[in-house]
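What follows is the residue order along each chain.
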Amino acid sequence: MRALGRAVLGLLGWTGAVALLAGRCGARLGGLNGAELVRSLVSFGARSLGLAAGAGALIGATVVLQAGVYANQFGARLYTGWAAGYALLWEFGPLLLGLLMAARIGARNAAELALLTIHGQLEGLRGISLDPYRLLIAPRVVAGVLSVLALSQATFLVAVGFEALAALAMLGLPLRVFLGAFAEMLHLGDVIAGLTKSLAFGLAIALVSTVAGLRVEGGARGVGRAAASAVLVSCATIFGLDFLLTPLLAKVLS
Amino acid sequence: MLLGRLAQALRWERPSWKAVLQQVVELGLGSLGLVATGMAFFGMVIVTIAWAQARKYTGNITVVGPAYLELIIREFAPLLSGLLAASRQAAAQSAELGAMAVNEQVEALELSAADPLVELVAPRFFASLVALPALTIVGAMTSVAAASATVSLAFGADGASFANTRFVGPMDVACAGVKAVLMGAYIPLAAAYRGLGARGGAAAVGEAVTDGVVEACFGCLSIDFMVAAAFLPFT
Amino acid sequence: MDLALKEVTVRFGATTALEGLSRAFPQGSRTFVWGPAGSGKTTVLKCLAGLVEPSAGQVHWDGRRVDGLSRRDKRQRQRDLAMAFQTDALFDSASVLDNVALPLLRRGALANEATRRSRSVLRSLGLEGTEHLAPAALSGGMRKRVGLARALVAETPVLLADDPLAGLDPETARHVTAMLDALDARRTLVVSQPERSTWLSGATELRLEPHAGAEP
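Residue numbers (this note's numbering), protein chains in the order written: chain D, 15 to 268; chain A, 4 to 238; chain G, 20 to 235.
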C-alpha cells in the first residue's frame with residue numbers, strides 16, 4: 015500500500031515539475047538561442063536518423079506479417095494494405111518510435127543536462143546574468159519535439175516501404191495491390207492522428223528528460239540514474255498519453 | 004560476442020544463487036509496475052483501434068475479439084512487454100554497471116580474484132531469462148483484462164469475446180515464449196556490454212545508458228521480427 | 020612474481036599516457052613511481068596489473084607475455100597481484116567487512132577464516148568498528164584505508180599501491196608507511212606518489228615525465 019502511495023506522490027511530483035518546465039520554456043519561445051537549437055537538432059534529430067530508419071524497416075515488416083496473418087483469418091488478404099497502414103499510422107508507428115526515442119533522445123538529453131548541472135555550468139550562467147532556460151534548456155526541448163516529429167515521418171515512410179516489400183516477399187501480395195489498398199482506405203484523419211501522437215510523445219520525452227536531467231543528485235551514479243529515470247518515466251508517460259489520446263482522436267477525427 | 008565470453012567464464016566458476024535470486028526479484032518487481040500499467044493502457048488502446056476497424060469492416064467488435072487475442076499473445080505482449088522491460092532494465096543496468104566501471108570498481112573486482120562477468124553479468128543474465136517471460140505473461144494478462152473490461156464498460160459489447168481463445172493455438176504461445184526468452188537473454192547482455200565498457204567520467208555513464216537502452220530496444224524489435232518471420236509457416 | 024614492462028606505450032585516444040617505457044620489477048623489489056599529475060603513474064600500475072593493455076610493447080609476468088595468455092590463465096596469474104586504487108574503488112553495495120573479505124572468499128577461503136583475517140587487517144589499519152558500515156558512511160581517508168586493507172588481506176606476492184597516502188592526515192600516513200615498509204621482503208612492492216619519497220627502505224625510483232596533452 016505504501017508503494018502505491020509513493021508512486022502517486024512521485025507522479026504528482028513529476029507532473030508538477032513538467033508543468034513548471036513547460037511554462038518556463040513556453041514563456042521563452044520568442045527569444046530562443048538559435049545556435050543551441052541547431053546543435054540540438056543535429057544531435058537529437060540528424061544523428062538518430064539511422065536508428066529511426068532501421069526501426070521503421072523492422073516495424074513495417076513486422077506489422078505486415080501480423081496484419082497479414084490476421085487478415086488471412088478473415089480471408090481478406092487484399093485488405094492487408096489497409097489493416098497494416100491503419101495500425102501503423104494510428105498506433106505502432108508513434109508508439110514504438112516513441113519508446114525508441116525515449117531511449118535515444120531522452121537518455122541523451124537527461125545525461126547531458128545532468129552533466130551540466132553537476133559541473134555547475136547552469137548555475138554559472140545564472141551567475142553572469144544569463145538565462146540558462148533561454149540559452150540551453152528551452153532550445154533543447156524544442157529541438158527534441160521537432161526531432162521526434164520529423165523522425166516519425168521518416169520512420170513512417172520507411173515503414174510503409176518495407177511493409178510493401180514484406181507483403182510481397184512473405185505473403186505474395188503484389189506491390190500495386192498493397193499500396194493501392196493503402197491509399198484507398200486511409201484518410202487524412204488517420205495521418206493527423208499519427209502526427210498528433212508523435213507530437214505529444216515528443217513533447218513528453220523532451221520535458222520529462224529535461225526534468226530528470228536537472229534533478230540529478232551528483233556523481234557518475236547520479237548521471238546514470240538521471241538517464242535511467244528519464245527513460246522509465248518517458249515510457250510510462252507515452253503509454254499513458256497513448257491511452258488518453260487514442261479514443262479522443264478517434265472521436266474527433268471520424 | 005559477449006555471450007561467448009560469458010559462457011566461457013561460466014565453465015569455470017558458478018555465480019552465487021543468492022545473487023541470481025536477488026536480481027530476479029529486483030528485475031521482476033522493478034519492471035512489474037511499468038509493464039503492468041503500460042500493458043493495461045495498451046489493452047484499452049487496442050480495443051479502441053479494434054473497434055474502429057471493426058466498424059469499418061465487419062461492423063461487430065465481438066467478431067474481431069478472438070483474433071485480437073491471438074495477436075496480443077503472439078505479438079503485442081512479447082514485443083511491448085519486452086520493450087518496456089528493455090527500457091527500464093537496460094537503463095538501470097547500464098547505469099549501475101557504467102558507474103561501477105567508471106569508479107574502478109570493476110577493475111577492483113578483477114584484482115580481488117573475482118570475475119566481473121560471473122559476479123555482475125551472470126546473475127543479471129539468468130534473472131532476466133526467468134523474469135522476462137514472467138513479465139510477458141503478466142503483460143498479456145493485464146492487457147487482455149483491460150481490453151475485455153473496456154469492451155464491456157465503454158462499448159457495451161461482450162467483453163468475453165476478447166478472452167475467447169478460439170484462434171489461439173500452441174504455436175502462438177510458442178512464438179511468444181521464444182521471443183520472451185531471446186529478449187530476456189539479449190537485454191542484459193546489451194546493457195552489460197555498454198555499461199562495463201564505460202570509460203572516462205560521468206559523461207561516459209550517460210552515454211552507456213543511452214547506447215545500452217537503444218541497443219536493447221532495437222534488439223527486441225529485431226528479435227520480434229525474426230521470430231515472427233520464423234513462425235510464419237506455422238500459421 | 021617477476022614483473023617487467025618492455026617498450027610499453029599506452030595511448031587513450033589522442034592522449035599518450037606512456038611512451039616506450041621499459042623497466043623490470045623483479046621479485047622482492049621495491050619501486051617508487053613518481054611524477055607530476057598526468058605523467059602516467061596510474062597507467063604504469065594498471066599495466067603491471069594486467070588491467071590496461073598497452074597500445075605497443077608488452078607486459079611480462081614471470082617472463083611470459085600477458086597478452087599471450089588465455090583469459091583463464093591470465094585470471095589465475097592475476098591472483099598473485101593486488102592493488103590499492105587511487106579512488107579507493109570500494110564496492111558501495113557491500114559492507115566494509117564484505118569488501119575486505121572478498122579477495123579471500125574468491126580465492127577459496129572459508130567464511131570464518133576470511134572474516135577473521137579481514138578483521139585483523141582492518142584493526143592493523145586503525146579501522147576497528149567500521150566492519151558493518153557501508154563505504155558511503157566513511158570519510159575519504161578511511162575509505163582509502165579500507166581499499167588498502169582489501170589489497171593487503173590476501174597477502175599476495177605483488178602489491179601495487181596507487182597514491183596510498185593521498186587524503187590521509189600525517190599521523191595516519193606515518194602509520195601506513197610503517198606498515199608498508201614492514202611487509203615481507205620477498206614481496207614485490209610498487210608504490211606511486213606525486214612527489215619523490217624515501218619512506219620505503221631499499222626502494223629504487225622510477226621517475227615519469229608528463230606528456231603533452233595528458234590529463235591529470
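These are computed hints drawn from the structure, not numbers from a lab.
Treat each hint with caution, since some may be false.
Going by beta-carbon spacing under 8 Å, a handful of chain A positions derived as facing chain G [claimed, not checked]:
#1 Q25
#2 Q108
#3 E110
#4 L114
#5 A116
#6 A117
#7 D118
Quick list of simulated restraints, FRET-style, between CB atoms [unchecked claim]:
#8 G/L88 x D/G254: 49 to 57 Å
#9 A/G204 x G/P213: 52 to 60 Å
#10 G/L152 x D/A60: 19 to 27 Å
#11 G/L152 x A/V176: 44 to 52 Å
From chain A, some residues computed to sit far from chain D (all C-beta separations above 10 Å) [to be verified]:
#12 V28
#13 E29
#14 L37
#15 L199
#16 G200
#17 D227
These numbers come from a predicted model, not from an experiment.
Beta carbons are placed, not taken as given, at the ideal position from N, Cα and C, and that holds for glycine.
Against the structure, the hints come out as follows:
no.	hint	result
1	Q25	violated (10 Å)
2	Q108	holds (5 Å)
3	E110	holds (5 Å)
4	L114	holds (5 Å)
5	A116	holds (4 Å)
6	A117	holds (5 Å)
7	D118	holds (6 Å)
8	G/L88 x D/G254: 49 to 57 Å	holds (53 Å)
9	A/G204 x G/P213: 52 to 60 Å	violated (20 Å)
10	G/L152 x D/A60: 19 to 27 Å	violated (49 Å)
11	G/L152 x A/V176: 44 to 52 Å	holds (50 Å)
12	V28	holds (14 Å)
13	E29	holds (13 Å)
14	L37	violated (6 Å)
15	L199	holds (13 Å)
16	G200	holds (14 Å)
17	D227	violated (6 Å)
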